[in-house]
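Student: With the hints as a guide, bring both chains together as one complex.
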Amino acid sequence: MKKISVETMDSMKKEGVDTSKNWIKVGMSTCGIAAGADVVYATLLDEAKKRNIEVVIKKCGCAGKCFAEPLVEVNVEGLPRVTYGKVTAEVAVTILERHVRNKKLVKDYIFF
Amino acid sequence: MPHKIILVKDTGAVENKGVDFNTMLANQLRDSGAAEKASIVPVADIGVYDKGLVLRILPDNVTYSNVREADIKKIIEQTVLAGKIIEELSHDGRDKQLRIVLKNCGLVDPDSIDDYIRAGGYQGLRKALLELKSQDKVIEELKKSGLRGRGGAGFPTWMKWSTAKNQKTDQKYMICNGDEGDPGAYMDRSVLEGDPHAVVEGMIIAGYAIGASKGYLYIRAEYPLAVKRIEKALEDAREYGLLGENILESGFTYEMEIRLGAGAFVCGEETALIASVEGKRGTPKPRPPFPAVKGLWDKPSIINNVETLAAVPQILSNGGDWLAKIGTATSKGTKVFAITGKIKNSGLVEVPMGITLREIVFEVAGGLLNPEKKIKAVQTGGPSGGVIPKDFLDTPVDYENLGKLGSIMGSGGMIVIDETDCMVDLAKFYLGFCVDESCGKCAPCRIGGYQMLQLLNKISNGEGELADLDKLKRIAYAMQKASLCGLGQTAANPVLSTLKYFEDEYKAHIVNKKCPAGKCKYLLMYKIGEDKCKRCGVCVKNCPTQAISGNREKGFTIDQVKCIKCGNCTEVCKFEAVAKE
Ligand SMILES: Cc1cc2nc3c(=O)[nH]c(=O)nc-3n(C[C@H](O)[C@H](O)[C@H](O)COP(=O)(O)O)c2cc1C
Ligand code: SF4
Ligand code: SF4
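Which chain is which? The protein sequence lines are A and B, in order. The numbering used here applies: residue 1 is where the first sequence begins, and numbers increase by one. The numbering used here applies: residue 1 is where the second sequence begins, and numbers increase by one.
Just chain B, same shape as in the assembly (with noise of 0.2 Å):
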């Protein structure tokens, strides 16, 4: 029998408070004369969540969940020692995580053009200009695999290419957008940092498609390391004869460059993108003309996000009915999301379409940042997205029912949000970001957006009145049809979908001048409770704006005038004296 490996995590169930699991799995191991044949290890994070006591044996690799004490005897005799699997005791550890475009992401060294073609890199292109030999036969794999852009608005990868392959002209090109302007998204350039070499396959694979020679890489100039990444892997591919003139002795010829971005979220919209590449100032276009057609320098040109590139070379290497058995009818593969919030794990997960907003946030990302309070809603989709309740959490997330369900998508930012969070601020926040980013060139935005940021202000500084709900519904409308670009035409979505379903809050706020989640300061009061307070004077001591008076016969009371809500004496309150009302 190989020694045995006993990984231990009590993942937080109430029943369990204060029992010392260490000591007492030692103590059992050494009573059942086991001491010799396993060491334990405590470790930080077992991958399973809120199942009490969890134990990992390994090389058994068997995880037991809700381990009771009783069971201990059990597992020591039984798995420890002769090596048999407890059926009752046994959780499904398989990992929910599926991984295709972050394969590479922790394996390979970036830098090492050597650790991606051994990871299997740059087979992709060689089936390409190797084995399919044709531009059709390469958008025929794309359209197998049923790859959507992952930039946001999802349309089908293969039918741009193929609009764009069907341009006769001279010169084409192919850009990678990878301006990642969404707050709290950073999934691309985790991509860009971590597996370079993925992006830039993907994007000579594209420029082959649709007949390009000549590549740009569009990164924003905040993302320092992956340019430095993205430069090595450029070089390092040339080197190899991987990019530049006769690709892998094909006949195929492919530049490519990159242009950094100066941060602007709408030069994340093509057409801005298109103006920014070209040296001009960002801003966007009316379409059509679409650049498939007339795009960079007038030629016909396909963007793609660095995601949508990144799943390609796998695409090709594995086949397009590979991608396409992953997912759902309409919305195939993985997609990686960024997620934070009030959510314990936050980073990156990839999973495959098709799994629930619930197993994401309470499998994949351990469930909620302080499990006492109660999930509200989920954010998808960043400023032109929405808010998903509570209730629809089992909803199995695609495009078409994000879509359904007011938001979507996105480019893949996810927000978990609690009962602390108010819907009101959260569609501030997103409006708010959106105002500032506007490029100013069509009305709908520029005036609308300002004008719906105004009437929210209202709204949380307790002079709203129900008329502003209608005012506020009037004038996304309108933003959303008369817009020039996406950027404005999705602007009020985060309003739209928290008004629809959390309308009641907005009505608290304007009618009972409440907010409930205790957000809004000019909606709340703090006041010390006179029977909790034991008038130690620490409050008196740490508030800024010397709102707090009294003494300790008489007691402290806050002046509301000066109070400036900032919320230090609820904090250095020993006694829970100081509440918010």
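Just chain A, same shape as in the assembly (with noise of 0.2 Å):
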């Protein structure tokens, strides 16, 4: 890395955060991980590579609903954003398969 100009904090700001179309982000601060997110994301990265799934995976902090946790936020093109509530890994395979391929949400683990 260098040092960052003016005219680069510019552009980057007007490109803002979420750069790619499909995304998902795991809550990851000591809340989450608490409550199995770092369980969460790796199977996320593992499974989203085993089935040849292309979607960005980052982690973030918490969102604040701790009761909720882990936390997994999605946004596929096509679909409203949505965010997953106590996610198992098990539910991160079914948020792969049936939200990110099939473009359909996952019944009960939404949390608004």
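It is possible that part of the hints are untrue.
[To be verified] Pairs of lysine-lysine residues, derived as DSBU-like cross-links and limited to a Cα-Cα distance of at most 30 Å, are as follows:
no., chain 1, residue 1, chain 2, residue 2
1, B, Lys-232, A, Lys-2
2, A, Lys-58, B, Lys-103
3, B, Lys-532, B, Lys-471
4, B, Lys-103, A, Lys-14
5, B, Lys-228, A, Lys-59
6, B, Lys-143, B, Lys-344
7, A, Lys-107, B, Lys-103
8, A, Lys-107, B, Lys-344
9, B, Lys-228, A, Lys-86
10, A, Lys-21, B, Lys-294
11, A, Lys-14, B, Lys-144
12, A, Lys-59, B, Lys-232
13, B, Lys-232, A, Lys-21
14, B, Lys-232, A, Lys-14
15, B, Lys-51, A, Lys-104
16, B, Lys-342, A, Lys-13
17, A, Lys-58, B, Lys-232
18, B, Lys-228, A, Lys-13
19, B, Lys-84, B, Lys-73
20, B, Lys-143, A, Lys-103
21, B, Lys-73, A, Lys-103
22, B, Lys-232, A, Lys-107
23, A, Lys-103, A, Lys-14
24, B, Lys-554, A, Lys-104
25, B, Lys-103, A, Lys-59
26, B, Lys-214, A, Lys-13
27, B, Lys-51, A, Lys-86
28, A, Lys-59, A, Lys-21
29, B, Lys-143, A, Lys-13
30, B, Lys-554, B, Lys-574
31, B, Lys-4, A, Lys-103
32, B, Lys-514, B, Lys-532
33, A, Lys-3, B, Lys-232
34, A, Lys-13, B, Lys-344
35, B, Lys-133, A, Lys-3
The hints are simulated quantities; they were obtained by calculation from the structure and are not laboratory data. None of the values given here were measured: they were computed from a predicted structure.
Tutor: This is the structure in structure tokens:
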């Protein structure tokens, strides 16, 4: 890395944080990790690769809904952006297959 | 017409019990010939509570609450098929939360400085260094914003900065207070972990404003992930030239370092924190001199809370007036609360100042954990705060209002208390915390706290006298007036405020020898009701001290001498025959 210029800062700001169309974010703060977010994150990375599902998987901080950790936010083109809560490794796989690949929301795990 | 998604949640209304809405909805969709046009997705939480059946239709993004069976046909015909909104069913689904400090938490990857910059980060610093180019102008923006300290006392941030700025010395220091020792509070941890660059940027701007060349981030060692993320943030900011020498080619040079706290509550107090950073034992010193005049290594130093600092970058990039538009006359902006206790959705909420406690508890946080119980009070301000009884739930939350009610805003702990919680027990918990954490340097706190705790123990053991209530008040007064630091000065607050609003409960313990909430175990008795008991014998097996005796013919009884009031018997009895008295 090298020193950043204000021009670069401006153009980055213009592009925004989420530059890819399809992404998944996992809340990886202490509250999330305590509830198993690290396992969910690793499962998502692993399984997406194994199943050839193209999606950007990132970690992020705690969005505040600590009662529903681990939280996984999913944005897939053509579907509303939603947050899944109380996600387990199994649910993570369902999210990849059903939501990301087949473009259908997963029942019973959405938290608003 | 695009494909519709119908999100469904029964948010708990008694009259709807037992209705299978999902099947009903699916059937009606099919009957209206709309089965292909919409899909039904049952969700776990829809952000609306106690409003019966709630439907949200996407992409229209309309929310209908208290939906009855009879309404469904209309919803399908008008909204799903024709895209029209039915006014009388629609629910104002606007979020009462307002995210400023937590804006990036959940949005950016905390380990990525690029994410932070993409989210508009470091624009505040740039504005300060390259546009305003003046310490006074930065302080002026803070003044306009009305930002007050979020660490407890609520002192106007600009005033502290201005005092330090006006000191003429060769060296000044900026310090971030990330000690966060209040039990149940973790707002600061979340910000440090979820958006570390906001704190780093806030620290650089503050350092510039007061004329410091060095900043310390004091973080408790129990927050290893926060420390790791801040370390990475500092490293990356340095690489990008946002920290270190000649920041953004502005000529301003500033360095930062992390110091770990060992988890003593008193080290959150600013003079104790300074001693701790200096490598000495963390005990408070009398003020004045205030740290802004004589602080770290006797140089002018400013200490700000994590949440205060995290609000600074956006104040600079959006302008002070922007924040001043949010909140009440005396308290601007938002406050993050860590809400726990008898609440459905425990977690972090960020709300604009001026929102009522009722809105926070029943709308933002989903209401009581057990809706069949009644709310009794809300505790704010942790061990330095007090309780706000249910009659005052409609009070708009700000520094002054909470103070008038005998509590404080504090750093943001919020505990919801229902009728199963005992106020004497609660006071004992907080006071016990302060007694454990007292540094022992001054007598009013060291001795007074202990004496008060003994009196509370006496009351909850059923040995209290009415005169003890006066003694509690007298010692509390002495502690408030004569303690050296904030810990001792405020330690009695939970006792005083519970006494003020719930004196009856104290008296029930003292005069009737009863704990109305059934919490204080010396005042409880477990008894088996002969009429309800089916003589199954399950409780006998589950009593750890073999206090239950008897047989199937004669029935069972509990020996009160052997009983340790663990409550196992009540829990295991399927017939609710064991009563707590
Ligand atoms: C016993 C005690 C503990 C404190 N703990 C903290 C703490 O954990 N975090 C904090 O920011 N302020 C704490 N404070 C308040 C600080 O002394 C100080 O007022 C605050 O950090 C100033 O920052 P602010 O103006 O941004 O609120 C504590 C005060 C006392 C008396
Ligand atoms: S008030 Fe308590 S914590 Fe503060 S200096 Fe005195 S003994 Fe120590
Ligand atoms: S468990 Fe209940 S019903 Fe069974 S013996 Fe004990 S009190 Fe009676």
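Student: Which numbered conditions among the earlier hints are violated in the structure presented, ordered from lowest to highest?
Tutor: Of the numbered hints given earlier, those the structure breaks are 3, 6, 10, 16, 20, 22, 24, 34, listed in rising order.
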